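Colleague: Read off the chains here:
Number of protein chains: 2
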Amino acid sequence: MTITFSDIEQAHHRIKHLVVKTPLLNSPRLDTIAGRRLWLKAEPLQITGSFKFRGACSAISALSEEALARGVIAYSSGNHAQGVSLAASIFKTSATIIMPHDAPDNKVANTRRYGAEVIQYRRGEESREAIGARLASERGLTLIKPYDDPNVIAGQGTVGLELAEQIVTQGLSTTAVLCCCGGGGLSAGIATALEATLPKVILQTVEPKHFDDTARSLALGHRVANRAEQGSICDAIVTPTPGELTFPILQSLAGAGLAVSDDEVLQAMFHAFDTLKIVVEPGGAVALAAALFSDHLPDCEDLVIVLSGGNVDPRLFKKALVAT
Amino acid sequence: MTITFSDIEQAHHRIKHLVVKTPLLNSPRLDTIAGRRLWLKAEPLQITGSFKFRGACSAISALSEEALARGVIAYSSGNHAQGVSLAASIFKTSATIIMPHDAPDNKVANTRRYGAEVIQYRRGEESREAIGARLASERGLTLIKPYDDPNVIAGQGTVGLELAEQIVTQGLSTTAVLCCCGGGGLSAGIATALEATLPKVILQTVEPKHFDDTARSLALGHRVANRAEQGSICDAIVTPTPGELTFPILQSLAGAGLAVSDDEVLQAMFHAFDTLKIVVEPGGAVALAAALFSDHLPDCEDLVIVLSGGNVDPRLFKKALVAT
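Chains as they are written, first to last, in this note's numbering: chain A, 199 to 522; chain B, 199 to 522.
Do not take every clue at face value.
Identical chains share a label here; the pair holds if one copy fits it or two copies do between them.
Claimed, not checked - Subject to a maximum C-alpha distance of 20 angstroms in a straight line, what follows is the list of computed DMTMM-like cross-link-like pairs (lysine to aspartate or glutamate):
1) K290 with E263
2) K214 with E323
3) K407 with E336
4) K398 with E323
5) K517 with E207
6) K517 with E327
7) K398 with D300
8) K219 with D460
9) K517 with D346
10) K219 with E427
11) K290 with D229
12) K219 with D497
13) K516 with E363
14) K407 with E393
15) K398 with E363
16) K398 with E499
17) K517 with D461
Rather than coming from a laboratory, the hints here were simulated on the basis of the structure. Fair warning: this is a prediction, and the values are worked out from it, not measured in the lab.
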């Protein structure tokens, strides 16, 4: 089961009146630091502060009236939670969100503010999948998975649809798009959109060091897991393994995966603050960190970077402000 | 001497390939805090981090080849300096910038990075106008004034041109645009653009408390000065009096001026960080502060706010992160 470009176009038609077509930003000072021109797709400016709102709207807008009458359920450390919570409220259905006990306070609070009921669980002691399955069965709720759902991947792929148009409009001579990768919904969606529109432009995933399950899986040719589930500041993109649906797509379309350190991520967050005036969360800044610090970058004049979200706790953001 | 809508259209044609058409952002959570829908024109995303790049490009693009061969000079506490420095480099002319000794470090450093020669002076001891006049005369440089220049006002007015289009496209039922005001170049330019395109939409200026020379001048019917020249965190918009060219425009077109406290500004900066994921400097956040905290707001469902710039020192930004 995979997704096609047509799925992305259909998702685009279902959600385009709800989502922000985010700008592709450039900064002469950031270009000087990077030694080439960088073009940054600014998904922190998306409604709810991350691209996850696209996939949530795409999936919920595809539900039947009966399913909408019963409600939806999701599990997420934060950004998918906020996206599903608001999308559910727009489509007038109820949302139940299962979040880890140690999710950032602001993400839990905002998920509640958008209207969802939040149920918290302890990582390591309980399985969110088991809680989700039980509640979905008891209440007849539809589970909106964070990445292993064709409608979610298609919704995230609308980022790639916009990128392709913006790359052509700006006349960029780029051969690569760097994109953060957790479960792979965003990167698989963008890679699918690029294959159909700009086949010479290759997507490369970026992950935190020690949590680079996708890079290692791509290199090995099969899905492998990370050793740990915690220990990175990039909470939004720490997942145990690549997704079942997303990994085959990336295996077929993506280039080699990159990885960056927490310190490089904090520096990238500072440069986004200082030159682009955009607030980026750690998980959303890994691709910019790679563009600034990686030794394994593609050789092209213009490099396109996806900044995926900005839902960062103020206390953590302060650390980025002293990063350079 | 005033400016017309045609001047703004001509400036737009000269600079549209150089400037960012900045997005008009909305956040459901910010709407909840404000109790109505807010629409925020995000000029921190402009090249050089503020709207000042528009006016600088407009003025320098209108110079003769002879004037470009000699170079330009400007005085500014920071944002106009950066705009002129980069615009000069784009039009291949040299820039000399006179900045106060206590201008924020990042603004001085960035002005140099864009290519200008920076000359610093001591506020209170020396007159920047005298230094500027002497250097302009000695070196044959063209002075690019920060606001009292028709081409600069016309350039800033392109914000209003974009706003008018965005207000219509979004179908907003707004009757007011709130805009920060220092010398008045931005607000006079926007007011001129709105008069020609959406005459029912009235611009209102917003200033820091105790530095509300424009609000008091509008109320009194003639230009009055502030008592102090320092003592606000809003360094970008502290000017002694309204401009000679800009004040008659505002007198003819603007509504009553508003004023906000430093604490309200810090809270507005936090909300822009938290809900919009945009970095706003204190002077750029006064209009949002008014929208959130003023008791004298217009009675309309949608309120349009100009966020004018984001060139804030990280140390000051940290204060905003603990503001609420």
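Colleague: Which of the listed hints are not met by the structure?
Modeller: 2, 3, 4, 5, 6, 7, 8, 9, 10, 12, 13, 14
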